[in-house]
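Asker: One letter stands for each residue in the lines below.
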Amino acid sequence: MSRIHDMGGRFGDGAVTPDFGQEPVFKEEWHGRALALTLASGFLGQWTLDEGRHMRESLSPNDYMRFSYYEKWLAGLANLLVEKGVVSRDELENGSTNTAAEALLARVIKAEDVPARLSKGGPTERDVGPKALFAVGDLVKTHPAGNTTVPGGHTRLPIYAGGKTGQIVAIHGNHVFPDTNAHQAGEAPEPLYTVAFKANELWKHPDGPKDLVMLDLWQSYLAPL
Amino acid sequence: MPHDSLDHDHAHSVLPSDPALRVKALETLLVQKGLIDPKTLDAIIDTYENKIGPQNGARLVAKAWSDPDFMAKLMSDATATALELGFYGRQGEHLVAVQNTEAVHNLVVCTLCSCYPWPLLGIPPSWYKSDAYRSRAVREPRKVLAEFGVQLNEDKEVRVWDSTAEIRYLVIPQRPLGTEGWSEDALASIVSRDSMIGTALVEVPQ
Chain D
64 MSRIHDMGGR FGDGAVTPDF GQEPVFKEEW HGRALALTLA SGFLGQWTLD
114 EGRHMRESLS PNDYMRFSYY EKWLAGLANL LVEKGVVSRD ELENGSTNTA
164 AEALLARVIK AEDVPARLSK GGPTERDVGP KALFAVGDLV KTHPAGNTTV
214 PGGHTRLPIY AGGKTGQIVA IHGNHVFPDT NAHQAGEAPE PLYTVAFKAN
264 ELWKHPDGPK DLVMLDLWQS YLAPL
Chain Z
283 MPHDSLDHDH AHSVLPSDPA LRVKALETLL VQKGLIDPKT LDAIIDTYEN
333 KIGPQNGARL VAKAWSDPDF MAKLMSDATA TALELGFYGR QGEHLVAVQN
383 TEAVHNLVVC TLCSCYPWPL LGIPPSWYKS DAYRSRAVRE PRKVLAEFGV
433 QLNEDKEVRV WDSTAEIRYL VIPQRPLGTE GWSEDALASI VSRDSMIGTA
483 LVEVPQ
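Protein chains in written order, with my numbering: chain D, 64 to 288; chain Z, 283 to 488.
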């Protein structure tokens with residue numbers, strides 16, 4: 064099974080429209096508001112980065128394609144707020160409530176804390192987890208893509224790179240595994256590698272014969288060759 | 283499969299159809315619940331409109347061009363080296379710098395969503411988040427580059443970095459000829475956002 068967001072290598076999307084640095088950061092006022100609302104809600108700590116991504120990916124293909132970028136964010140946010148019980152569907156539909164979210168009030172981010180919280184970030188490297196099975200220079204083969212680790216799927220192995228042979232070019236330590244973390248199934252950190260694929264391994268008619276495509280892939284996605 | 287449901291069952295479908303009203307409705311509700319302070323939203327927007335943007339990445343590149351030791355550190359540990367200039371944070375917790383040379387041109391994309399080194403470049407432009415860029419950069423990078431006006435020599439190797447994990451990539455463009463002796467400020471002024479994504483080269487203004 065695939066999802067609509069996994070579009071690397073797809074045909075038919077037309078030309079890219081560069082802005083050459085001229086576009087404002089937020090083209091519409093509501094774009095900035097949607098981003099800020101999503102970040103501020105995220106600081107309530109009710110979902111992980113991976114759950115947030117997965118919720119956007121889980122929009123119906125019809126919604127995913129018709130929504131603009133920040134509309135996807137808004138839809139993902141609304142769905143998360145309801146799924147996590149932060150707001151009820153009735154509250155969302157009515158657009159108002161008389162009930163404060165008492166249990167979460169201590170987590171609300173204040174304006175003066177914004178610089179510190181954004182600067183702090185959320186590193187995903189962990190000092191636990193399995194040892195690296197591969198070394199720089201090793202050849203590996205990716206598993207077939209298709210959201211197979213967890214039912215319902217979330218994976219960072221794109222379809223275009225499934226079942227392909229590549230070479231390890233960097234080891235980044237153990238990182239939180241998105242496939243489980245998106246489903247509240249634990250961080251399950253494991254070794255993360257940069258894997259180089261020859262373009263002619265991925266595509267029958269590559270743009271340039273010597274070109275490479277580099278992906279960051281978790282150990283679970285890889286098998287020795 | 284808790285996230286999957288029939289289209290009409292998705293909670294978001296009860297929100298107003300106009301996206302600006304949709305944001306307002308969500309914000310109003312969350313303010314009523316005590317979960318959002320509108321001033322917090324103003325502060326987040328101000329951060330990315332005025333404080334964090336490609337000027338950060340340009341300073342890093344200019345310093346690396348000017349100081350070979352700094353360049354060497356940046357190439358071996360970009361996260362720690364960017365932090366020396368105070369650049370660290372959300373969507374830039376694990377940084378890697380990739381250097382353009384006579385032989386290699388680097389290009390960054392996120393085919394699965396819109397991953398981008400926020401502390402160095404700010405919020406990504408629309409084209410970076412577009413279906414066209416996400417779908418085509420990995421398959422036909424040279425055609426995409428041509429749409430940005432960048433023509434690469436055929437024997438140059440293109441490396442496309444698909445940001446599939448939490449590693450964020452910054453392209454270190456080639457320093458153009460004719461900039462010998464320039465100050466870091468002068469160098470930073472010609473380093474464009476796109477040159478640090480890999481969709482532009484740095485040129486000396488005519």
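No wet-lab data here; the hints were simulated from the structure. Just so it is clear, the structure is predicted and the values come from calculations on it, not from any experiment. Wrong hints could be hidden among the right ones.
To be verified - Think about it this way: if two alpha-carbon atoms lie no more than 30 Å apart in a straight line, the pair counts; the simulated DSBU-like pairs of lysine-lysine are:
no., chain 1, residue 1, chain 2, residue 2
1, D, LYS183, Z, LYS411
2, Z, LYS321, D, LYS261
3, D, LYS183, D, LYS90
4, Z, LYS411, D, LYS227
Asker: Each of the hints needs a verdict: does it hold here or not?
Answerer: Hint check results:
no. : hint                   : result
1   : D:LYS183 with Z:LYS411 : holds (25 Å)
2   : Z:LYS321 with D:LYS261 : violated (49 Å)
3   : D:LYS183 with D:LYS90  : holds (27 Å)
4   : Z:LYS411 with D:LYS227 : holds (26 Å)
Checked against the numbered hints listed earlier, the structure breaks hint 2 alone; every other hint is satisfied.
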